[in-house]
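Position chain Y against the provided structure of chain W, taking the given hints into account.
In order, the protein sequence lines correspond to chains W and Y.
Note that my numbering numbers the first sequence so that position 225 is 1682, with each residue one more than the last.
Note that my numbering numbers the second sequence so that position 132 is 782, with each residue one more than the last.
Simulated from the structure, these hints should not be mistaken for lab results.
A couple of the hints might just be wrong.
Stated by the list, open to error - Only part of the chain Y face toward chain W is listed, based on derived beta-carbon distances under 8 Å:
1) 697
2) 700
3) 733
4) 796
5) 815
6) 816
7) 825
8) 829
9) 842
10) 853
Only a predicted model underlies this, so the values are computations on that prediction, with no experimental measurement involved.
Just so it is clear, CB atoms sit at the ideal spot from N, CA and C, and this is done for glycine as well.
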Amino acid sequence: MTLTKTITKTQAPRTLHGKLWDQHQVAVLDDGSELLYIDRIALHERSGAIALRQLAKSNRKLFEPSLVFGTLDHVLDTRVGRTDQTLIPSGTEYIRVFRNEAAAAGIVLFDIDDPRQGITHVTFAEQGVALPGLTLICADSHTGTLGGLGAMAWGVGISETEHGLATQTLNLVRPKTMRVTIDGHIGTGASAKDIVLALIGQVGVTGGVGHMVEFAGSAVRDLSIEGRMTLCNMAVEFGAWSAIVAPDASTFAYVKGLPYAPSGAAWDAAMETWSHLKTDDGAVFDREVVLDVGALGPHISWGTNPGQVASVTGTVPDLAAIADPVARAAAKASLDYMGLTPGQPLEGVPIDAVFIGSCTNARLADLRSAAAILKGRTIAASIRKAIVVPGSSDVKKQAEAEGLHRIFLDAGFEWRESGCSLCFFGGGEAFPAGARVASTTNRNFENRQGPGIRTHIMSPATAAASSLAGALADPRKVVA
Amino acid sequence: MRNTPLTTLTGRVAPLMRANIDTDAIFPSRSKMGVDETDVSRFLFREWRFTDDGHERPDFVLNQTGRRDAVFMVALDNFGCGSSRETAPWALRDFGIRCIVAPSFGSIFQANCYRNGIAPIVLDRKDVETLGSLADKDATMTMTLDLSKQVLETSGGSRFLFTMPSGVKTMLMEGLDTIGVTLTRRAEIEAFQRNDVSTRPWVYVGNSSG
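Here chain W stands alone, though its shape is the one from the complex (with noise of 0.2 Å):
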């Protein structure tokens, strides 16, 4: 021990990245990039399928199959009353493709019936199969979801992920570091959405390309576990590489009794090493934001991308007011899809449907935030669909065990299995065409939700206030 110590003590201070890097570097090759292991690969039907094929097609074993997990989230129905049959044209034959390779893989999979079933980010999560320090990569643009709770988590391509099922590691150029430290307190009705809505806002959908990003400071270190993983699901959208929370007292306090999670003396030294994820004093970071959210209130996105956001009171920008031509023309463009006009108010802009779920926003905490505005009362009449898709199976017993599946329900909502189901195309459902909807997920991009569809971007609180008032909303203005 005391070696190890006076080793850290004559090393410059690191970023925990850093450290994470060092501790699962395999190797230095000679281009200078990095062999790094990877801990855990998490797979979904849509891309999972084809890695697993396309890997027993080449005759290539996993490397380590006890150190992968599947779910089944994309394709999967979210209707009540569920079969493998799915609206999405070959949706049958990816779970089915997948089911019979995960089995031949000899992988844990949590298959349709299975209670721990969930969208990956979520219920990789509650599983404790993500865990603090721990590398994890999936075909999955959200994945760095799960720095929330101190993993250093990053979405990958199909075969990167074929990589990483036959080797344990992935070949890497490390990534420039960046900290954006988030101080303050935000308001009433606001929430992690709203502080990644604003930080994106101000950094621009590039802020964070080819950085890896720490959130730091104490508006970050007062988020629940579960906002911080709806913080770091959004960091992809200013293009971070992965974004981690060094984890804390709360973080062990979540993770504590998970089903994957260590136990007796294996956690006690887990914890050995966890107590020591955190930046160094007089780390270097290669770019430093700072962002003050107090008194930082509802945010919703106006335009198709997720940087072109307002807040709640707010208006539709003025396009001459933009400076960067490249930016102006975006927003142009924005403005034409969204049928808005510069200068116009968001709030009571008229909504045609609501969608409260994904892998931002369906965690417990979203659902009682929604639930708290609904009680008691009905989403407008002019609302053509309204669905609540809890984040995972479990999510989904747990609100029931409340009652919030009443408060949904008596409101106007449907309430469904767990799934991805209509952040994009998910279980082969999209919405009217051409509907404006209110939506908790992270893409308000062209056609995401739908040919024609008008995405706008928000919390579970504010998407909730919308339904009630059939136009984009203040949920402040809800009377409790």
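Okay, now just chain Y, sitting in the frame of chain W:
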């Protein structure tokens, strides 16, 4: 899997001068793609390329004379942002695009390109705009990529130098089977794992409770 090596490339250029072209636009999630499908080019830019009933939209660049056989694409900032779907670079590759020039790329998309024999080349936005403007004015313009010299040259003589990390450049130029290359280090990985099992045993309790 090995890719066709990419050392030099000459052909037409398709300018698509928008920022933040996401992978949902490149490969919509509604695409009816089977698990084992090998040519997914028909899904490329589906919503922008075709009407709902499958007719070509004549104003979309890849439907225009001289652009249908483009091997280069030029776009603005953050090309390939969003979803990790590797079907996006597959659709571009299957269509025939082997090189994309932009001021920046979505990081997962960029990594996916290298693994699928597509060169994602970063130039300053000013140079990208110049190149896009040249291609826009002259549909017959061709361009040549020389990866070893790290240069792009148009048929009109405009030259653009770029840099690319040596590891991924080699991957493109040799069409390497990267899994095979890494597995030559199997002993090193196994040694790392043996040591790791004793220093971080909790990592390996994984499936014992499942």
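So, going through the hints one by one against the coordinates:
1. A distance limit of 8 Å between C-beta atoms decides the matter here; for residue 697 of chain Y the minimum to chain W is near 5 Å, and the interface restraint holds.
2. Given hint, residue 700 of chain Y at the interface with chain W, is violated; its Cβ is 12 Å from that chain's nearest Cβ, farther than 8 Å.
3. The interface hint given for residue 733 of chain Y holds, since its Cβ lies 5 Å from the closest Cβ of chain W, which is under the 8 Å cut-off.
4. Interface hint at residue 796 of chain Y: violated, since its Cβ lies 20 Å from the closest Cβ of chain W, which is beyond the 8 Å cut-off.
5. A least Cβ separation of about 6 Å between residue 815 of chain Y and chain W falls short of the 8 Å threshold, and the interface hint therefore holds.
6. Annotation: residue 816 of chain Y was flagged as interfacial toward chain W, and the flag holds, the nearest CB pair being 4 Å apart, inside 8 Å.
7. Evaluation of the residue 825 of chain Y hint against chain W yields a violated restraint, the C-beta minimum of about 13 Å exceeding 8 Å.
8. The beta carbon of residue 829 of chain Y is positioned within 8 Å of a beta carbon in chain W (closest approach about 5 Å), and the interface hint is therefore held.
9. Contact between residue 842 of chain Y and chain W, as hinted, is supported at the beta carbon level, the nearest pair being about 5 Å apart and thus within 8 Å.
10. Because the beta carbon of residue 853 of chain Y sits about 5 Å from the nearest beta carbon in chain W, less than 8 Å, this interface hint is met.
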